[in-house]
Amino acid sequence: METIFGIDLPTLWFLVIGGLITGYGVLDGFDLGAGSLHLFFNKEESRRIALNAIGPVWDGNEVWLVISGGALFAGFPLVYGTILSTFYVPFMLFLVALIFRAISIEFRSKETMAWWRKMWDISYMVSSTLITLLLGLILGNLIHGLPFNEKHQFTGNLLSFFNPYSILIAFTTLSLFMLHGAIYLVMKTENRLYAKLTIMVNNCSKFFILCFILASMSTLIYIPHMTDQFKEYPWLFALPLLAVLTVLNIKRNIDNRKYFTAFVFSSCITAMLLILFAIGLYPNIIISTTDPANSISIYHAASSPKALRIMLLIAAIGTPLVLGYTIFVFWTFRGKVKLNEMSY
Amino acid sequence: MPSVEILSRIQFAFTIAFHYIYPPLSIGLGLCLVIMEGMYLRTGIKMYEDITRFWIKIFALIFGIGVATGIVMEFEFGTNWAVYSRYVGDIFGSALAAEGIFAFALESGFLGILLFGWNRVSKGVHFFSTIMVALGSIFSALWIVIANSWQQTPTGYIIEGEGLEARAIITDFWEMVFNPSSVDRFSHVIIGSFLAGSFLVMSVAAWYIVKNRFVEPAKAMFKVGLCVATIAALAQLFTGHRSAHYVSEYQPAKLAAMEGHYDSSAVADMYIVGWVDAKSGKTTGIKIPGGLSFLTHGSFNAPVTGLNAFPKTERPSAVNFVFQTYHIMISIGMFLIALTLTACFLLWKKKLFSQKWLMTIFIWAVLLPQIANQAGWYAAEVGRQPWVVYGLLRTSDALSKEVKAEQVVFSLVLFSLVYTLLLVLFLYLLNKKIVHGPEMTPNEEDGSDEFSKRNIKQLQA
Numbered sequence: 001m002e003t004i005f006g007i008d009l010p011t012l013w014f015l016v017i018g019g020l021i022t023g024y025g026v027l028d029g030f031d032l033g034a035g036s037l038h039l040f041f042n043k044e045e046s047r048r049i050a051l052n053a054i055g056p057v058w059d060g061n062e063v064w065l066v067i068s069g070g071a072l073f074a075g076f077p078l079v080y081g082t083i084l085s086t087f088y089v090p091f092m093l094f095l096v097a098l099i100f101r102a103i104s105i106e107f108r109s110k111e112t113m114a115w116w117r118k119m120w121d122i123s124y125m126v127s128s129t130l131i132t133l134l135l136g137l138i139l140g141n142l143i144h145g146l147p148f149n150e151k152h153q154f155t156g157n158l159l160s161f162f163n164p165y166s167i168l169i170a171f172t173t174l175s176l177f178m179l180h181g182a183i184y185l186v187m188k189t190e191n192r193l194y195a196k197l198t199i200m201v202n203n204c205s206k207f208f209i210l211c212f213i214l215a216s217m218s219t220l221i222y223i224p225h226m227t228d229q230f231k232e233y234p235w236l237f238a239l240p241l242l243a244v245l246t247v248l249n250i251k252r253n254i255d256n257r258k259y260f261t262a263f264v265f266s267s268c269i270t271a272m273l274l275i276l277f278a279i280g281l282y283p284n285i286i287i288s289t290t291d292p293a294n295s296i297s298i299y300h301a302a303s304s305p306k307a308l309r310i311m312l313l314i315a316a317i318g319t320p321l322v323l324g325y326t327i328f329v330f331w332t333f334r335g336k337v338k339l340n341e342m343s344y
Numbered sequence: 345m346p347s348v349e350i351l352s353r354i355q356f357a358f359t360i361a362f363h364y365i366y367p368p369l370s371i372g373l374g375l376c377l378v379i380m381e382g383m384y385l386r387t388g389i390k391m392y393e394d395i396t397r398f399w400i401k402i403f404a405l406i407f408g409i410g411v412a413t414g415i416v417m418e419f420e421f422g423t424n425w426a427v428y429s430r431y432v433g434d435i436f437g438s439a440l441a442a443e444g445i446f447a448f449a450l451e452s453g454f455l456g457i458l459l460f461g462w463n464r465v466s467k468g469v470h471f472f473s474t475i476m477v478a479l480g481s482i483f484s485a486l487w488i489v490i491a492n493s494w495q496q497t498p499t500g501y502i503i504e505g506e507g508l509e510a511r512a513i514i515t516d517f518w519e520m521v522f523n524p525s526s527v528d529r530f531s532h533v534i535i536g537s538f539l540a541g542s543f544l545v546m547s548v549a550a551w552y553i554v555k556n557r558f559v560e561p562a563k564a565m566f567k568v569g570l571c572v573a574t575i576a577a578l579a580q581l582f583t584g585h586r587s588a589h590y591v592s593e594y595q596p597a598k599l600a601a602m603e604g605h606y607d608s609s610a611v612a613d614m615y616i617v618g619w620v621d622a623k624s625g626k627t628t629g630i631k632i633p634g635g636l637s638f639l640t641h642g643s644f645n646a647p648v649t650g651l652n653a654f655p656k657t658e659r660p661s662a663v664n665f666v667f668q669t670y671h672i673m674i675s676i677g678m679f680l681i682a683l684t685l686t687a688c689f690l691l692w693k694k695k696l697f698s699q700k701w702l703m704t705i706f707i708w709a710v711l712l713p714q715i716a717n718q719a720g721w722y723a724a725e726v727g728r729q730p731w732v733v734y735g736l737l738r739t740s741d742a743l744s745k746e747v748k749a750e751q752v753v754f755s756l757v758l759f760s761l762v763y764t765l766l767l768v769l770f771l772y773l774l775n776k777k778i779v780h781g782p783e784m785t786p787n788e789e790d791g792s793d794e795f796s797k798r799n800i801k802q803l804q805a
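Protein sequence lines, in the order shown, are assigned to chains A and B. Taken in order, the first sequence gives residues 1 to 344; the numbers are from our numbering. Taken in order, the second sequence gives residues 345 to 805; the numbers are from our numbering.
Be careful, since some hints might not be right.
[What the hints assert, rightly or not] DSBU-like, lysine-lysine: derived pairs with alpha carbons at most 35 Å apart:
(1) K118/A / K776/B
(2) K401/B / K196/A
(3) K231/A / K151/A
(4) K43/A / K401/B
(5) K338/A / K390/B
[To be verified] Covered stretches of chain A, going by a simulated chain B footprint (3 or more residues, C-beta under 8 Å):
(6) 62-75
(7) 276-286
[As the list claims (entries may be wrong)] Simulated restraints, written as ranges between beta carbons of each label pair:
(8) K306/A / I778/B: 48 to 58 Å
(9) L761/B / G156/A: 25 to 35 Å
(10) G156/A / P655/B: 50 to 60 Å
If you are wondering where the hints come from, they were derived from the structure by calculation, not from laboratory data. All residues carry an ideal CB built from backbone N, CA and C; glycine is no exception.
So here's chain A without its partners, still in its complex pose (with noise of 0.2 Å):
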């Protein structure tokens, strides 16, 4: 098989596309998370300066949603039809969320009457948390496994993706995305409401470790496939536990406020464990519980490897203008959130 620096076509597009999808999670994650927080600032002021903070933002952070979603149909075609086919009814939910946060963030300022932000403030919560939720419930599945049959044809319905390990990874999806977006908030106030957000981050802390716990107690015990290449290569072991280190720091660099290097360790942590996901299915995406032998591998799923090779040349050339002028939106938009009349 044809390789770039030893390594084949189908994985690199897997790492690609896993960079696109972490790229996600960080950038996407503390605006949904900062929305699930939304209800908890209770005066009008601080809920518009939390809608601030992540107004330039939020829009381009999508962005990366998308790209993935495309860099997934180019990369794997089997595995986009059949994810999205398979939880037909968890995606159109996500995307009537999707619909309703966008919305939310574009017209709640628009009319002043306290009803109409009011009913604008609890859809984008509700709508972040939902999209939050979903996200880790399909992952959690992915991870767990669904009854695939011979044919890749799905056999369950949908209360197969309501076992309890994906429920599980669907709260602690919700957990990490709330302590991330407390601590982006947090580095976008100040005076009162930020002292409130440095008791919200503590306590999302809280909610996230607990959630950690329990999320990679249950993967060890139940999920023998997620650690099945841990076996094989022992040195792996290494990641789980700088996972561990990263929680706790992020735990001390919160204690002694410093809310930058905090969100830093943040993204690492939702980089880290999304790493920790591809590892645990690596050479596979969709697992079958019915047979392994029914599972989708890369290698099965994977473009012709002329499309590959095309469309990392468009990734190489794209992913640097991409975070070239992502960089240079945060840049111009860094500091403390000061509310004037453009604002939302």
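With chain A held as given, fit chain B onto it using these hints.
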């Protein structure tokens, strides 16, 4: 219950038709924004900044709904058309990924600066961001139209595998990108978008003029819109002709459906208006005899391949629908040319803005490019049936196997409700912004907040 195929087709048509209201508006508006802000930087007249700010707010509203409904489209390929996704992943996937990374990221990234960056970046950087957003929206259309054009006229691929395991494998990227219909279809779509955006600008401006509010800024807006619209309307004649020509060459069944032409041995007419009776295969109406023959073969009495030459299973079933949508598009196109040229003539005679009747037409004319874009899209897509990839993959084979009718009914009902709500809210907020009007910089001399008189003098000088 209707079949999964029909339900999925309805869902796709419904969600894309709704989505397709917004991107053309933002593309056309993006161009107008660049012109308005460019005029501000060039002349330094404050009024141009005020109208730019006003239209950026409207742009944001339109863009927001466009993005929210566009993400749905991307994922629908996988949810409802999994077999299609696997079949075209090599090709459609790369175009879609390129759209995300080269176009969508560009416009979304810089939109934040456009909206919130007025006091944070210099005028030059802000203008640069406006250009990037406008370019991003054009690139976005480019990649999407390329992907869709490949479905219409596939090239640059080979087929690997048999039956339902078959899939298209890319052999030549540039041949795929520049497939025979890409350039014509892209230019046709993008100019249709310029028309949609510029007519929105003119509609709002005309309304202000009729209501006698913000008259000076409204005239400035109207001129920007009219300039874009006139060039676009005339250019559309050319791209439309080119598009029809490619259809005649590569999709003869679609062309025959567009003109309701059945008998291959007969000279083909071009209809101005008409009605197709698909059962008897007869078309009646007002026509240019031999017009279609002239279009396809350059001669008024050459026969043109008709629908009867194709087996019933290989031609679009809704012939009259394709005929009508195609003719609605053309009639509107012709009317827009007449309308913009009349306006230009009156502007030259310095009588334009006093013509209340014409201004009233312009208020309502905003709907026409929208109807034409929708109709053109329906003619192109329904005319391609029963193929989802022309001549290669049938729509009925492209479905997701796992998905059941009740799941599609669920999502269809969900989207109908959400999109109805979205449309109501969109129109309500758009109307509110228009009624509120641009925030004009107050005149320092007399404190009038409608418009600075000094600026008018500068403008007239």
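| task | Mind checking the alpha carbons of K338/A and K390/B for me, to see if they're no more than 35 Å apart? | result | holds, 25 Å
| query | For the pair supplied as a hint, K118/A and K776/B, is the alpha-carbon distance within the 35 Å limit? | reply | Measuring from Cα to Cα gives roughly 20 Å; hence the hint holds.
| said: 48 to 58 Å was suggested as the range; check whether the CB atoms of K306/A and I778/B agree with it. | reply: holds, 50 Å
| Do at least three Cβ atoms from the segment 276-286 of chain A come closer than 8 Å to Cβ atoms of chain B? | violated (count 0)
| message | Range first: 50 to 60 Å. Now tell me if the beta carbons of G156/A and P655/B are that far apart. | response | violated, 40 Å
| said: Taking 25 to 35 Å as the stated bounds, is the beta-carbon spacing between L761/B and G156/A within them? | reply: holds, 28 Å
| message | Is the listed coverage of the segment 62-75 of chain A by chain B valid when you require three or more residues with a beta carbon under 8 Å from a beta carbon of that chain? | response | holds (count 11)
| message | Check whether the Cα positions of K43/A and K401/B lie no farther apart than 35 Å. | response | holds, 26 Å
| task | Take the C-alpha atoms of K231/A and K151/A, compute the straight-line distance between them, and say whether it is at most 35 Å. | result | holds, 30 Å
| Satisfaction of hint between K196/A and K401/B, Cα-Cα up to 35 Å | holds, 33 Å
Of the numbered hints given earlier, the model fails hints 7 and 10; all others are met.
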